[in-house]
Amino acid sequence: MRDVSSDPEALGLELLREQRGRLADRMRPPWWYLPGVAIVWALYFAGPFTSRSFPSPTSASTWAIVVPIFAVCCLLQWGMTRATGIKAGPRPLRILRDGLFYFRPSRPAGIAIFLVSVAGLGIEGSLIRHGLLAAAIVVAALAVAAEVTAQMSVLRAIRQYIRGGGAAA
Amino acid sequence: MTAEAKPDPLIHPITRLSICGLLAAGADWIEFAALRDAAGISDSVLSKQSRVLEDAGYVEVRKGAIGRRPRTWFRLTPEGRQAVQGHLAWLAQLEQAVSASRADAQLAKPLPP
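Protein chains in written order, with the numbering used here: chain A, 125 to 293; chain B, 98 to 210.
If we strip away everything but chain B, and leave its shape as in the complex, we get:
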């Protein structure tokens, strides 16, 4: 599945980009602690941002327990996956364009005397 390269304002903030990018990386479900540690964010930030993504229909949340310890699992919904792929493709294009323009600027610089 190839998504159209377009920006998604909901995913653009760096924390949500991290969460979505990690969820899109290939695993089916990722547990709260694993996602928090990989993204390098706090519990409260992950809770808050995942709620935003869940409300937008991008992330599915499943709550369970192992023994007496509650566990929360996340995964992208198909719409979320599509949006993330489109946003990452857009970012990659932007990154390429910035690199190309920087290289052009380097070439256009006059040589030092």
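Same shape as in the complex, but just chain A:
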């Protein structure tokens, strides 16, 4: 740490850096958050299996997946906000103002989440069509693990962004 004792301006900025660090540390997820994220992605990657077993793929199976995913996502977001006291989740108006990845350091992890979700679903669907159910289950499990890891990276990136002062830095 620099010597700021004789420089009030530097003292103010140094203090602010420390305070941002304290705020960023509050963004650590509670114990139930990552299992919750795993449940969301498990539901998502269960999609191709349910559309195979339900007789009408466009109606019942889609809603049977989308509604629980949406509900668990809302619950996770609400719980995280309540536990940390910080609202930093995806907000449509902010996306319009600042772009999709408004926490800049989270961009690589955000792109990884998107790519894994698309590729995982595609590979899974293809394996199921070829009757390779066991392989499809392994792919789904790996994709869920990858998504949870990427979500952890997103949270780490948000903490890093807050510690750095965000757009005001």
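Any given hint might turn out to be false.
Distance condition first, Cα-Cα at most 16 Å in a straight line; then the derived EDC-like pairs of lysine to aspartate or glutamate [what the hints assert, rightly or not]:
(1) B:Lys160 <-> B:Asp125
(2) B:Lys103 <-> B:Glu176
(3) B:Lys145 <-> B:Glu157
(4) A:Lys211 <-> B:Glu151
(5) A:Lys211 <-> A:Asp149
(6) A:Lys211 <-> B:Asp125
Computed footprint of chain B on chain A, listed as stretches where at least three residues anywhere in the stretch have a Cβ under 8 Å from a Cβ of chain B [what the hints assert, rightly or not]:
(7) 205-212
(8) 252-258
Hints in this document: simulated from the structure, not taken from any laboratory.
Cβ coordinates follow ideal geometry from the N, Cα and C atoms, glycine included.
Dock chain B against chain A, hints included.
Coordinates of chain B only, in the frame set by chain A:
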């Protein structure tokens, strides 16, 4: 958005600088207790200073409740964000200038015999 580096007398006091700097750090809304703990100030100081910032149109306050516990949330308004960014940029410039002049003074010192 890059704000012009200029001092803002309303934000300059250290407590208000802390509150605004934390609100500008990236979160959308910050809850009273989280802001108080991060800034290291008391409830009454946060209440008083946030009222000043709210009256100036720099901070938006939302009051709600979770169960029976009241919760207060804060966020910067666009004007507040602009002012904070400008003030922090000004502080950073000042800090650089002070460091540079101190380094010059060090160089100008005569060597000890």
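- request: Taking the numbered hints from earlier one at a time, note which ones the structure violates and give those numbers from smallest to largest.
  value: 4, 8
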